[in-house]
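K.L.:
Chains A and B, in that order, are what the protein sequence lines are. Note that this note's numbering has the first sequence beginning at 8, numbered continuously upward. Note that this note's numbering has the second sequence beginning at 321, numbered continuously upward.
Keep in mind that the hints were calculated from the coordinates and are not lab data. Heads up, the beta-carbon is just placed ideally off N, CA and C, and yes, glycines get one too. Honestly, I wouldn't trust all of these hints.
No more than 20 Å apart at the CA atoms, straight line, and that leaves these computed lysine to aspartate or glutamate pairs for EDC-like [what the hints assert, rightly or not]: (1) B:K488 x B:E512; (2) B:K528 x B:D339; (3) B:K455 x B:D420; (4) B:K536 x B:D548; (5) B:K488 x B:E401; (6) A:K85 x B:D434; (7) B:K455 x B:D443; (8) A:K85 x B:E451; (9) B:K455 x B:D481; (10) B:K502 x B:D470; (11) A:K12 x B:E512; (12) A:K12 x B:D420; (13) B:K502 x B:E348; (14) A:K12 x B:D484; (15) B:K502 x B:D515; (16) A:K85 x B:E401; (17) A:K248 x B:E401; (18) A:K248 x B:E386; (19) A:K85 x A:D223.
Derived DEER-like restraints, expressed as beta-carbon distance ranges [stated by the list, open to error]: (20) B:Y331 x A:N20: 35 to 41 Å; (21) A:R225 x B:S454: 53 to 59 Å; (22) A:I169 x B:R541: 47 to 53 Å.
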Amino acid sequence: MDNIKGIFRREFNSYFATPLALVFIVFFLMLAAGFAFQFGRFYERGQADLAPFFWFHPWLYLFLIPAISMRLWAEERKSGSIELLMTLPITTWQAVLGKFLAAWAVAGVALALTFPMWITVNYLGDPDNGAILAGYIGSWLMAGGFLAIGSCLSSATRNQVIAFIFTVVICFAFMFSGYAFVLDMVSGWAPQAFVDALASLSFYTHFQAISKGVIDLRDLLYFGTVIGVWLAANTIVLDMKKAD
Amino acid sequence: MIEIRNLTKRYGALTAVNDISFTVSPGEVLGFLGPNGAGKSTTMKMITGFLAPTSGSISVCGHDVEADPLAAKACMGYLPEGAPSYGEMTVRGFLEFIADIRLLSGDRRRSRLDDVIARLQLDSVLEQMIETLSKGFKRRVGLAQALLHDPQVLILDEPTDGLDPNQKHQVRTLINDMAKDKIIVISTHILEEVDAVCNRAIIIAGGKLLADATPKELAARAPSGRLDDVFRQITTGQKNAA
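Next comes chain A alone, as it looks inside the complex:
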């Protein structure tokens, strides 16, 4: 446990020692607010809720999360510090978990800093704050899913750009398998069971379910499983090829 804390602290601080966390947070805040006002018609709809704000989170995560996950392991490989890290008395799993949690905490900080949106809707009207909280939880869980994928793919290469691109592609697949237009395309020829399975694999489906304000155990389990599976794969990749 202390080991994981040590890894977490180092990794979290290193995000802030470089401009990376700052750039991520600033862009996330600007885009999240900008999209909500511009395209989500935050004011014009005349409803006091944060739905138009949460709509765009999957899109923001698609490009911003790989930018913070790509360095997690690729950089360790490139600089050779992976040799230092892996010869310290910690297990691979502890290192994977500590690093993942640090990146997830950075995403959490960015998300928490959107609180002026929440203040705004409370000032303008009388929103369902339970639903808003659920939206935040759903959004953070989805960020965790993206990050776990990104961490795993980052461990497979020493090139951060490759890690970024692969993460975007895989996350894209995980997200869009839940969008109506993809499901419509598939439902023309595939059995309904397949369409349902595809939809239930998608981040988007579960994020939508949670952000409607209902925190269902199945949705939590889904994100927990996605994160667990990708981090387990991450550990296996590292154990199989540490050196090159």
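For chain A, the structure is supplied; the task is to place chain B on it using the hints.
P.N.:
Positioned in the frame of chain A, the structure of chain B alone reads:
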């Protein structure tokens, strides 16, 4: 105690380390000699548990490196080749991180940090980012990291590479000071270093162990009595034979 038995590492068709066995006891400073690509670093990476051997076994302080890696790693300090570290951290931050992972706390933590900072003369750069340091300082930060928990076993891959003559002298003095009750394994291709700090030398080339003796005994094998003549004789002789 380090015990290595029939250690072999293959990468596809290439055999980097070929059936090496030896043991090292406390008080020994073992120089690991060989031309570039001889398998020195690969052997060290296996001893420290970074690479898994293809076959053979390694035990450090009585712990099998593959079966009980955490216990083995806890009793070792390791300076990897090129002294990698985290460039965006300050020297102090980096050493604090290592202290966290090595589970040092309280008075012992403070006294160990003070000790390595004094020994490697890092006071003046404690608040500097590691990536802004000179090569010599980076190497010393790497050494400080390896010494921090006062390990029984030290594995140092080219500890004086890139240091100026004064710094080399300091590091050698440091190693001599610690030599009495520890096991120290140093890889190098600088032969004068072996004379200066080691009381035992192993020569490997092409992944094979070719000689294992004290530096004096080795030097006596050449008519000239010089270690580099013996080194050339042994390592190039091997190449011709292969």
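K.L.:
I'd like to know which numbered hints this structure contradicts. Please list them from smallest to largest.
P.N.:
3, 6, 11, 14 and 19
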